[in-house]
Structures are given as structure tokens and as C-alpha cells.
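Chemist: Dock chain E against chain C, hints included.
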Amino acid sequence: MLRLFLSLVLAVSFFGSFSAKAETELWGDFSGVTLRVKLIGGGQYEGLYNEVIPWWEENTGGKIEIVTQKNHFELDKEIKKDIASGNLDFCVASNHTSFASQYGNIYTDLNNIMPASVLADYTPLILEHSTVDGRLVQMPRHSDVSNLYYQKSLYEDADNKANFKAKYGYDLTPPETWDQVKDQAIFFSNPPDFYGTQYVGKEEAIAGRFYELVIANGGALFDEDYRPIFNSPAGVEALQWFIDLYNAKAVPDGVLNYLWDDTGLGFASGTIAMNLDWAGWAGFFNDPENSKVAGDIGLVRAPMGSGGLRTGWSGSHSFSMTESCPDKEAAASFLWALTSNKAQMIEARGGLSPTRPAIWDAIIAEKKAEGDEFMLMVFETFKMSLAEDAFTPPLIPEWIEFTNALYPELQAAILGDKSPEDALATASKKATEIMEDAGYF
Amino acid sequence: MRKFLNGPWVLLMPTLIILTCVVLLPLLLSLWTSFTPFKLTKPDTLYRFVGFRNYERLIGDLDFWIAFGRTVLFLAIALNLELVFGLGIALLINKITYGQRTLRTLMMFPMMFSPILVGFQWKYIFNDNIGLMNNFLREFGVIQPIPWLVDGILANVSIMAAEIWSSTSVFAILLLAGLLGIPKDPIEAAKVDGCNSWQVFKNITLPFLMPFVFIAMTIRSLDVARAYDIVQMMTGGGPAKRTELLWTLISRTGYVDAKMGMANAMSYISIFLSIAFTFFFFYKLIEARQRLSYE
Chain C
9 MLRLFLSLVL AVSFFGSFSA KAETELWGDF SGVTLRVKLI GGGQYEGLYN EVIPWWEENT
69 GGKIEIVTQK NHFELDKEIK KDIASGNLDF CVASNHTSFA SQYGNIYTDL NNIMPASVLA
129 DYTPLILEHS TVDGRLVQMP RHSDVSNLYY QKSLYEDADN KANFKAKYGY DLTPPETWDQ
189 VKDQAIFFSN PPDFYGTQYV GKEEAIAGRF YELVIANGGA LFDEDYRPIF NSPAGVEALQ
249 WFIDLYNAKA VPDGVLNYLW DDTGLGFASG TIAMNLDWAG WAGFFNDPEN SKVAGDIGLV
309 RAPMGSGGLR TGWSGSHSFS MTESCPDKEA AASFLWALTS NKAQMIEARG GLSPTRPAIW
369 DAIIAEKKAE GDEFMLMVFE TFKMSLAEDA FTPPLIPEWI EFTNALYPEL QAAILGDKSP
429 EDALATASKK ATEIMEDAGY F
Chain E
69 MRKFLNGPWV LLMPTLIILT CVVLLPLLLS LWTSFTPFKL TKPDTLYRFV GFRNYERLIG
129 DLDFWIAFGR TVLFLAIALN LELVFGLGIA LLINKITYGQ RTLRTLMMFP MMFSPILVGF
189 QWKYIFNDNI GLMNNFLREF GVIQPIPWLV DGILANVSIM AAEIWSSTSV FAILLLAGLL
249 GIPKDPIEAA KVDGCNSWQV FKNITLPFLM PFVFIAMTIR SLDVARAYDI VQMMTGGGPA
309 KRTELLWTLI SRTGYVDAKM GMANAMSYIS IFLSIAFTFF FFYKLIEARQ RLSYE
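Sequences listed follow chains C and E, in order.
Start counting at 1 in the first sequence, then tack on 8, and there's your number in my numbering.
Start counting at 1 in the second sequence, then tack on 68, and there's your number in my numbering.
Next comes chain C alone, as it looks inside the complex (with noise of 0.2 Å):
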């Protein structure tokens, strides 16, 4: 439990051009406390540090020292490296919902420390996929899902509606569905010079496409006891979409070395149709300066498998404190101040989806009254999807491995290599070794 000194008050947050809904706030006075934290770097996260970390400081008397800043990737061997040489020689670290099973017990339980009057300000079915065994390990920071964007000219060109209708015989509009994406995609592909979408080809990121389209289709991966189940019709059906459209060439050739930075910057470049992306790259794409599009960006929800589910994939950023910190009470200020209500309005601005319901309404509010129809659509379509198509994928330590076992499987089926029966019946054998020796069966 917090000790006394810890200042807790309930106060109204006032900042930037809007006032927020009362908020809990956890300060205290830390003068000679110093917090070592490691931070997940990269130009999209490091603003948020930029902010808070000076004005935490100010407001406590602590101080922050930053121990490593890099991707998460990195970040996450080198935890797992800390783990194993005992030397958690640090107080708060980044996390994410994806990745937090793994680290058995080293964060502590913040259901023990942080106030039920702050944990209230936070979307509670948020804070359920931050825990762990019963235990809620992290604080989240913001949240993912993807949404398809989509260059709004290429709906509007009266030839191409006119010739998509004749071949397809449906009206060109935004996708609904996964097997229009696909006829679209190979409808307005003209490669080398221009593709009808992309996806993302390798590691976590191909595995975790594949695992939203399989549960659009109306599969899973596991059963109730973790045996794997994805070598079914739905998991061939995603398998399959995936093929085609490689097969059909309305994807660039490279895409199977590509990761979220590549897709990302595919779709500024002006040469994709159509892109499934997260909320973060809104601002990017929308910005003459860095993107071709701008100005010319429509936005739907992800589209409905053949299950009639919408892909969902979805997790959350968050903060850990570990348990071996000795400024627990630092730390847990220091954790609220990182996902606050100015934190969260500070990430929003940059396009960010919040995990405080408050930060939805305000950021909704900020972008009508400044007249930002984009941005507002962005978020409008975003919290539709967080709210009723999101979904995690299983929270269980041995998710990374999995992924490291399947997509290679996945890479062979689109390459050719492989039949997709094959390919997911190898992937299956696999994921049954690493479960059984998880001992889930």
C-alpha cells in the first residue's frame, strides 16, 4: 500500500484547450528518489517521455534516470536477458499486453499498490488484458487495432467504378469484407508501379494477421487446453487470402520481408490502394509533408471475415513496475503520471487510441471544435473498433514462440514452398511441441 506522504487527491485536470473528467492523481514528494526506468524508443513513443518525465520531476522533487530506449524487440531480449542474470536493477519498464506473460512474476502486482480510484479512470476491459494469473502487472499506455485506409480518389474515379462493377459485378465502394479487399486489391494493382494493399510478411506481426483473419473466419488457434486447432477450414481460408493475393501480384514481391515501418511508409508513398494499419499512422499519412496521400485518406473499420466477425487484433502499450523496485510509491506515481490524463491527451493528439474513457470523449471533443474532420473520423472509427471488434491474442507466456514457429509456415504456403494444408499441418505439429512442453496437456 501507499504510505501516507503520498499525496492522493482528487482534482480536475485542466490542459491544452479542454477540460477533462475529474481525474485521481498520485503525487507525492520523492526529493532524492531516483527511478531507473527502460523505455521503449522511437520517434512515435518518445514524445510522451519528452513531456512527462520534466514535468513528474517538477511536481515530486524525483528524478528519472533512463536506463535503454529501444524498439521493443530489443527491449524484450533484453529483459528476458535480466531475467535470467537475476539483475533487475530497474523500477518501471515498458510493456505490452502481447508480451507481459512472459516475464513470470518479476512486476509487481498493481492491483496492490495503486489506488481502486485510479484504476477507475481506465477502461476496465483494458485493465483485464493487463492482467496476468490474477495479477495486474501493467498500467496501459495506449491502445492498438487496425483499421483499413484507403486512398478515397480511386473509390471516386467514375472508370474505375464503372469497370470494377462490370468485372466484379458489385459496386465499387470501401470494403466490408476480406474477399472484397482481395478483388480490389487485384483490381487496382498495376505492378510494379502500383499495388492494391500489402500486409505486413514476417514474424509476430504475419502471425498475428493471420490469427485475427482465422477468428474472422470463425476458427482459433487453441482449444480450451492450448492444443492448436488452426489446421481447419478458417485457418486455411486466411491462409489462402494471403496466397492470392501474393499469387496475383497485388502486393509488392517484397512484402514478405516487410514489418510495420515498411507497410507504413508503402502507404504514404502513394503507391498502395489500400492499407490495414493502426491508429498511430493517421497523423503521418495525413501530413503533406511526409505522405503522398494526404489530404486523400478514407477510413473504414477492418472488414468482416467469411465468420462475419471483423479482424480485431488487438493490445495495449502499457508500463510495469517491477517487483524488486524500492520506491514502490515513486514508481506508482510515476506509472500514473506516465498514463495520466495529459499524457494520454498528449499521445491522442499524435493520433494514438487512450485507455481512459475520459481521453476518448476529449480528444473527440478537441477535434470537432478545431473542425480536423480527419482526425476526428480517425478517432470515431477507432473507438468503434476498440469497443466492439478488438480482441488479444492468447495471453500466455509462450505466444512469442509460437509465432516464431508459425509464421516461417506461413512464409512457405505464400512462397509456394508448401501447400497451406501443409504448411498449417507442420505449424500445428510444432505449436503441440511447444505447448506440451509448457505443459498445458
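Please note that a few of the clues may not be correct.
Unchecked claim - Dumping the calculated EDC-like pairs for lysine to aspartate or glutamate here, alpha-carbon to alpha-carbon at most 20 Å:
id : chain 1 : residue 1 : chain 2 : residue 2
1  : C       : K426      : E       : D129
2  : E       : K110      : C       : E444
3  : E       : K309      : E       : D131
4  : C       : K89       : E       : D297
5  : E       : K110      : C       : E164
6  : E       : K110      : C       : D37
7  : C       : K71       : C       : D37
8  : C       : K376      : C       : E388
9  : C       : K173      : C       : D191
10 : E       : K110      : C       : D445
11 : C       : K300      : C       : E164
12 : E       : K110      : C       : E82
To be verified - Derived DEER-like restraints, expressed as beta-carbon distance ranges:
id : chain 1 : residue 1 : chain 2 : residue 2 : range
13 : C       : S427      : E       : G167      : 56 to 64 Å
14 : E       : K71       : C       : S332      : 49 to 57 Å
15 : E       : L205      : C       : G424      : 17 to 25 Å
16 : E       : T88       : C       : N95       : 19 to 27 Å
17 : C       : D97       : E       : R125      : 33 to 41 Å
18 : C       : I74       : E       : K71       : 53 to 61 Å
19 : C       : I74       : E       : I127      : 42 to 50 Å
Claimed, not checked - Here chain E is said to cover these stretches of chain C; the calculated rule only asks that three of the stretch's residues, wherever they fall, bring their Cβ under 8 Å from a Cβ of chain E:
id : stretch
20 : 88-98
21 : 103-112
22 : 123-135
23 : 198-210
24 : 261-271
25 : 420-430
No wet-lab data here; the hints were simulated from the structure.
All residues carry an ideal CB built from backbone N, CA and C; glycine is no exception.
Modeler: Structure of chain E alone, referenced to chain C:
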């Protein structure tokens, strides 16, 4: 005791202690972990002995042996090409009478780049969409982009090109040192006797150079067998494991999947590859030196 304190062992002790701490103990620890199911995220697994289970699994793991075979092939081709290019560069520079020092410095530039940077640079060159290579080929009418980093053969060729670009100068420098050390008398005598340039090179220059060739081969074989950064940056061992080498596989197993026990078992098997290459090149080195002394 007095005899021990006055003997050579006392003088060797600091070295032996340091070597034990920084080489022997980590080696023994990693060997131990290869007999455990050690996971980085579960430190307690370090103490669970499972015998040869990791090795038994590896024997039946086709992915591992394909990566092993690809590493051997990659090593053999890359080393031989680096030798040919390095020898060519060294012979050309050896002929120059003006500006040789400047050229020697310039030649070492690729060695100064970090392998990660080299990987990024060549990934960009071979990018199918915005890469320099495809844009260059487009100027000559090759409209359809070539998937350099996707096609099974081309992806390995692309990685090899990066590796060769970055390290050929190692061969060139060592062989140039060898060329500068060759006595002039036998070459001049051969020319007087009517030998042409090829005969001089084949019968005099090359035998003198062979010890340098094998030293360079030994050094580079250890480097290439540990090739990781460039491959990781360019393809990550993919797609569909088409460019998977031992160290991309080992790194992913150890640090991403956190299965360090299994990764260390893989490492110990792969060490045999390095030992085999080193032994082979040392054997050839001794043979070349003996041949040289007979002649």
C-alpha cells in the same frame, strides 16, 4: 611450495586466472545449460538436468540441419569468392607505384562500417520496390522488379554480396602483405629463364602466398561461421527460412524464444563446424609452409 612460488606457474597465474574467468567458466556454464531446459524467463530451469535431450531433439530437427548445411555452403562460397577478389585487388595494388598507400586506406573503408550498418545499406540496395538495384535495372528495360530478398537463390546471393563487399579487404590486406614480402630474386630469375607472367604467378608468387591465404581463410572462416548481423538486418533468416544460417536460428531460439538451453546445444554442435574449418586451414597452412621450405 617455495619451488612453486619461484617457478614459472606463479608468473602464469594471472593469465590463467583471467582466462579461467572470462573463457573457461562461461564455456563450462554454457555447456551445462545445453544439458538443461534453461529458459531465460525461468531461471530455475538452469538446475534441471535433462541429459542429452536437447541434442537428441536437434539430431532429428531437419530445420537445424538445413541451416547447418546452408551455413557450410555459404561459408565455402563466400570464402572462395573473397579469396579470388581479395587476391585480384592485392595483385593490382601491388603493381601500382604511385598512390598505393591511399588505395590501401580506401580499400579498408568497408571494414570500418559496422555489420548492422552494412546490413541496412544492402537491404536498401536490394529492396524490391525502392531499392537501387531494381531502379538501376529499370533504366535498362527490366520493368518487373526482381525480388532479391525473397527468391531462395537471389536472397542468399544478395547476402553474400554484402558479406563479400564488407570483408574482401581483409583478404586483400593480408595477401598484399604477403606479396610485399616475396623476394624479388626468384621472380627475376624466372623471367630471365623465359617464364611468362602466368607461369611466374603460378609457380613462384602463389606458393609464397599460400600461407597468407590459409591464415586469411582461418580468420574469415570463423567470422563467416558467426555471420549474424548482416543476415539479420537483410532477411532475418527468411522468408520461409530460405536464408536461415546457424546464428540467426540460434539467436532467435535463445533470445526471442528464450530457450537458451536449446540454443547452447545448437551452438556446441556448430562449434564443431568452426573447429573443422580451422583444423582444415591450419593443416593446409602447415602443408604450404613445408612445401615452400622444400622448394
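Chemist: Could you grab the alpha-carbon distance between K110 (chain E) and D445 (chain C) and see if it respects the 20 Å cut-off?
Modeler: 13 Å, holds
Chemist: Can the restraint linking K110 (chain E) and E82 (chain C) be considered satisfied, given a maximum Cα separation of 20 Å?
Modeler: 19 Å, holds
Chemist: Hey, K426 (chain C) versus D129 (chain E), does the alpha-carbon distance stay inside 20 Å?
Modeler: It holds: about 18 Å lies between the C-alpha atoms, which stays within 20 Å.
Chemist: Can you tell me if the stretch 198-210 of chain C counts as covered by chain E, using C-beta to C-beta distances under 8 Å and a minimum of three residues?
Modeler: Since three or more residues must qualify, the claim that chain E covers the stretch 198-210 of chain C holds, with 4 doing so at under 8 Å.
Chemist: Please test the hint of 19 to 27 Å on the beta carbon pair from T88 (chain E) and N95 (chain C).
Modeler: 22 Å, holds
Chemist: Take a quick look at whether K173 (chain C) and D191 (chain C) sit within 20 Å of each other, Cα to Cα.
Modeler: The given pair, whose Cα atoms are some 11 Å apart, holds under the 20 Å limit.
Chemist: Should the hint that S427 (chain C) and G167 (chain E) are 56 to 64 Å apart at their CB atoms be regarded as holding?
Modeler: 60 Å, holds
Chemist: Can the restraint linking K309 (chain E) and D131 (chain E) be considered satisfied, given a maximum Cα separation of 20 Å?
Modeler: Holds, because 8 Å separates the two Cα atoms, which is no more than 20 Å.
Chemist: Does the Cβ pair D97 (chain C), R125 (chain E) satisfy 33 to 41 Å?
Modeler: About 35 Å separates the Cβ atoms of D97 (chain C) and R125 (chain E), which means 33 to 41 Å holds.
Chemist: Regarding K71 (chain E) and S332 (chain C), is the given constraint of 49 to 57 Å on their beta-carbon distance met?
Modeler: 50 Å, holds
Chemist: Taken at face value, is the distance from the CA of E444 (chain C) to the CA of K110 (chain E) at most 20 Å?
Modeler: It holds: about 17 Å lies between the C-alpha atoms, which stays within 20 Å.
Chemist: Count the residues of the stretch 123-135 of chain C with a beta-carbon closer than 8 Å to any beta-carbon of chain E: does the count reach three?
Modeler: violated (count 0)
Consistency note: the structure conflicts with the earlier hints numbered 5, 6 and 22.
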